[in-house]
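Asks: Sequence lines, in order, name chains Z and E. Numbering follows my numbering, with no gaps: position 88 of the first sequence is 88. Count along the second sequence starting at 1, add 302, and that's the number in my numbering.
To be clear, the hints were calculated from the coordinates, so they are not data collected in a lab. One or more hints might be untrue.
Claimed, not checked - Simulated restraints on C-beta separations:
hint: 1; chain 1: Z; residue 1: ASN264; chain 2: E; residue 2: GLN610; range: 41 to 49 angstroms
hint: 2; chain 1: Z; residue 1: ASP95; chain 2: E; residue 2: ARG534; range: 31 to 39 angstroms
hint: 3; chain 1: E; residue 1: HIS683; chain 2: Z; residue 2: ASP95; range: 46 to 54 angstroms
hint: 4; chain 1: E; residue 1: GLU628; chain 2: Z; residue 2: ARG56; range: 36 to 44 angstroms
hint: 5; chain 1: Z; residue 1: SER228; chain 2: E; residue 2: GLY348; range: 37 to 45 angstroms
hint: 6; chain 1: E; residue 1: GLY348; chain 2: Z; residue 2: GLN158; range: 28 to 36 angstroms
hint: 7; chain 1: Z; residue 1: LYS82; chain 2: E; residue 2: SER578; range: 19 to 27 angstroms
hint: 8; chain 1: Z; residue 1: MET88; chain 2: E; residue 2: PRO723; range: 53 to 61 angstroms
Heads up, the beta-carbon is just placed ideally off N, CA and C, and yes, glycines get one too.
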Amino acid sequence: MSVLSKRKFPRQLEDEAIYIIREVAAQFDRPALLFSGGKDSITLVRLAQKAFYPARIPFPLLHIDTGHNFPETIEFRDQLAKELHLNMEVRYVQDSINQGKVKEETGKYASRNALQTVTLLDAIEELKLDACIGGARRDEEKARAKERIFSVRDEFGQWDAKRQRPELFDILNGKINVGENVRVFPISNWTELDVWNYIREEGIGIPSVYYAHEREIIERDGMIWPYSEYLHTTPDEIVQRRVVRFRTVGDMTCTAAVESYANNIDGIIEEILSAVISERGARIDDKRSEAAMEKRKQEGYF
Amino acid sequence: MDILRLNTAGSVDDGKSTLIGRLLFDTQSIPQDKLEAIAASSQRKGLDFVDLSLLTDGLIAEREQGITIDVAHVYFSTPTRKYIIADSPGHVEYTRNMVTGASTAQVSIILIDSRHGVVEQTYRHFFISTLLRIPKVLVCVNKMDLVNFSQDVFSNIVSDFYAFAEKIKFEGQIIDFIPVCSLHGDNIAKGSDRMPWYEGKTLLQELETTNLKENNDELPARMPVQYVVRPRTDEFHDYRGYAGKISSGIFKVGDTVTALPSEQTSVIKKIQKFESSLDEAHSKESVTLLLTDDIDISRGNMLVKKGQEPIAAKYIVAHVCWMAHEPLSIGKVYWLQHGNQLVKAKIDAIQHVIVPDTLEHQSATQLKLNDIAVLSLKLAHPIFADTFATNRSNGGFICVDPGTNNTVGVGFIEELYESVPVQEFAI
Ligand SMILES: Nc1nc2c(ncn2[C@@H]2O[C@H](COP(=O)(O)OP(=O)(O)O)[C@@H](O)[C@H]2O)c(=O)[nH]1
Ligand SMILES: [Mg+2]
Numbered sequence: 001m002s003v004l005s006k007r008k009f010p011r012q013l014e015d016e017a018i019y020i021i022r023e024v025a026a027q028f029d030r031p032a033l034l035f036s037g038g039k040d041s042i043t044l045v046r047l048a049q050k051a052f053y054p055a056r057i058p059f060p061l062l063h064i065d066t067g068h069n070f071p072e073t074i075e076f077r078d079q080l081a082k083e084l085h086l087n088m089e090v091r092y093v094q095d096s097i098n099q100g101k102v103k104e105e106t107g108k109y110a111s112r113n114a115l116q117t118v119t120l121l122d123a124i125e126e127l128k129l130d131a132c133i134g135g136a137r138r139d140e141e142k143a144r145a146k147e148r149i150f151s152v153r154d155e156f157g158q159w160d161a162k163r164q165r166p167e168l169f170d171i172l173n174g175k176i177n178v179g180e181n182v183r184v185f186p187i188s189n190w191t192e193l194d195v196w197n198y199i200r201e202e203g204i205g206i207p208s209v210y211y212a213h214e215r216e217i218i219e220r221d222g223m224i225w226p227y228s229e230y231l232h233t234t235p236d237e238i239v240q241r242r243v244v245r246f247r248t249v250g251d252m253t254c255t256a257a258v259e260s261y262a263n264n265i266d267g268i269i270e271e272i273l274s275a276v277i278s279e280r281g282a283r284i285d286d287k288r289s290e291a292a293m294e295k296r297k298q299e300g301y302f
Numbered sequence: 303m304d305i306l307r308l309n310t311a312g313s314v315d316d317g318k319s320t321l322i323g324r325l326l327f328d329t330q331s332i333p334q335d336k337l338e339a340i341a342a343s344s345q346r347k348g349l350d351f352v353d354l355s356l357l358t359d360g361l362i363a364e365r366e367q368g369i370t371i372d373v374a375h376v377y378f379s380t381p382t383r384k385y386i387i388a389d390s391p392g393h394v395e396y397t398r399n400m401v402t403g404a405s406t407a408q409v410s411i412i413l414i415d416s417r418h419g420v421v422e423q424t425y426r427h428f429f430i431s432t433l434l435r436i437p438k439v440l441v442c443v444n445k446m447d448l449v450n451f452s453q454d455v456f457s458n459i460v461s462d463f464y465a466f467a468e469k470i471k472f473e474g475q476i477i478d479f480i481p482v483c484s485l486h487g488d489n490i491a492k493g494s495d496r497m498p499w500y501e502g503k504t505l506l507q508e509l510e511t512t513n514l515k516e517n518n519d520e521l522p523a524r525m526p527v528q529y530v531v532r533p534r535t536d537e538f539h540d541y542r543g544y545a546g547k548i549s550s551g552i553f554k555v556g557d558t559v560t561a562l563p564s565e566q567t568s569v570i571k572k573i574q575k576f577e578s579s580l581d582e583a584h585s586k587e588s589v590t591l592l593l594t595d596d597i598d599i600s601r602g603n604m605l606v607k608k609g610q611e612p613i614a615a616k617y618i619v620a621h622v623c624w625m626a627h628e629p630l631s632i633g634k635v636y637w638l639q640h641g642n643q644l645v646k647a648k649i650d651a652i653q654h655v656i657v658p659d660t661l662e663h664q665s666a667t668q669l670k671l672n673d674i675a676v677l678s679l680k681l682a683h684p685i686f687a688d689t690f691a692t693n694r695s696n697g698g699f700i701c702v703d704p705g706t707n708n709t710v711g712v713g714f715i716e717e718l719y720e721s722v723p724v725q726e727f728a729i
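Taking the hints into account, I'd like the entire structure generated from these sequences.
Replies: As structure tokens, this is what we get:
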């Protein structure tokens, strides 16, 4: 057993995240929490619940449903919303496609991951949101490592790395100009391991796809892809059954699985500690180029 | 499990990114795929070694120009603690980013290129470290391989640095020096048999043994109220909780507290942290306080322990680092944000600008980007601050430009007055 596995969750991270979430509720008129169904946004829901307890979370959650989600995630989302009396707004990428605002990608690597930015920006406009809380972490990816906790976006949702506001001490400046909005990242300073330790210590429920299970997969480019009706396969790609789990949960078309028998949180944490592949290494969308994430962020991605 | 926050400073190419990369590499904190990715880009660039600096230089412009232009945050853990490193850029133009990266740091790592010795930037960075009252400064003399691991070179740099540092270091500030070679890892996480004359700790040992006691608990108890929790449900009909993060001191159930600015007092009935009730809560904890009396408290107010009230300051003197291209000018009005309190502030006077490397004072009518000066400010409403030297978590503020809403300056409070102090004119 690795020495790090007995490590406890640094409680200071929770205090800081709650502080940030309370600042959002206080400084903005119409905030929302961007919910993806992944472990990071589930952690955010827990933090928001704690921040305002015994009152309910004073803002809605927003889920951009690509239509290619794992069914387990959707089931989990609806259950969580019911339990915590959440105001869950869902907007569909399919609607943006039907409206002709975006075009479905074609070919073997077709995914709706990039399309959801348009649906998100439309939803921000429709709901007049001035702040969107997201579960991004700085340890995920190089461009994320540079992002502020309050990250100002222009009317087009764009992130300008060179014009970021300095952030001093724990003071958060939420003043914005008309048309701008802010993306807020309360768990910026958490690592993947911190999130899992928190989930363990708090006993937070997560969608079943995070645990080892048997499912249909194909092998492509040295990665394990979950097979679904949305995945465009070539004739030489054979569907097999394999015991796998997901380390990160996005769309079924852009999230790779890992072979694993970890069926509880302790098992998952052990696995992360001994893993040689980073979390984002399982995100097919990041592999497109070295600067893939930064480019998508400039265009208004989460 | 505690957290230690570090920042790195030094001139361009002194090796900050390489040092951080090395620290991560030698503590096995870099996943295989990330390592492979930077190995591949090193190769594409025609290097015959793995350029560990590629780990933090994440922006497209940075990779093109090969420099760091914005603070990157990097994380690693040991069984002892979690580390958060702010990799601040060294270029003068980006001093504001260094201040940003250093504002939450408990340890500042200042790099010096052994071939160049102490340069203007070194003074600037140490000056900023003292201005920000960073308790511990570790001076890493890097690229020792390029000076034949010479003890003389190292000793000369130590005495040059100390000659300057002695003049401005604050009481209790710790300064240590380590000769390193980040490229090969000497004295980073492992010792070095190429510098047998060095008997001190490696960088990692220094970090692991840093005593974190910031004595925040011993300071006067202060909690800025962020949010008033009012469930308005049948079950919690009359519930009124004051939510906030304690900035310093300890609050206990039964303590008498004063609400500022109203100066009304009440007693703490309950300290709530989600579903559990605590007997006491310490600095940096996010809690909700319930009081025995229904007094009028809203966001921007502060709860303090009775008898420990700060003065209601409407006039302050502060060190300010200017962070905007638009200059600061006398008479201009800015938003001043202290904790979660926002007041209008008028620049009353620029007492002097400080030249960080010579400590010389210059008179000025404007502050330019990256200037550090002593200013006096007149406030439209009182704030409840402490001086930065006595209470780091209640003595800082930011300036926000009311036109652009950008954060344009950061201040460290030196003096607090209830009203404009009477000038002592020597006619
Ligand atoms: N010879 C030698 N080169 C080094 C050392 N540390 C860094 N470098 C090189 O110095 C250059 C600048 O390093 P970098 O980490 O990007 O500096 P930064 O601008 O301070 O972040 C790179 O080419 C590094 O490979 C060292 O200890 N010895
Ligand atoms: Mg660098």
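Asks: Now tell me, hint by hint, if it's right for this structure.
Replies: Consistency of the hints with the structure:
| no. | hint | in the structure |
| --- | --- | --- |
| 1 | ASN264/Z <-> GLN610/E: 41 to 49 angstroms | holds, 48 angstroms |
| 2 | ASP95/Z <-> ARG534/E: 31 to 39 angstroms | holds, 34 angstroms |
| 3 | HIS683/E <-> ASP95/Z: 46 to 54 angstroms | holds, 48 angstroms |
| 4 | GLU628/E <-> ARG56/Z: 36 to 44 angstroms | holds, 42 angstroms |
| 5 | SER228/Z <-> GLY348/E: 37 to 45 angstroms | holds, 43 angstroms |
| 6 | GLY348/E <-> GLN158/Z: 28 to 36 angstroms | holds, 34 angstroms |
| 7 | LYS82/Z <-> SER578/E: 19 to 27 angstroms | holds, 25 angstroms |
| 8 | MET88/Z <-> PRO723/E: 53 to 61 angstroms | holds, 56 angstroms |
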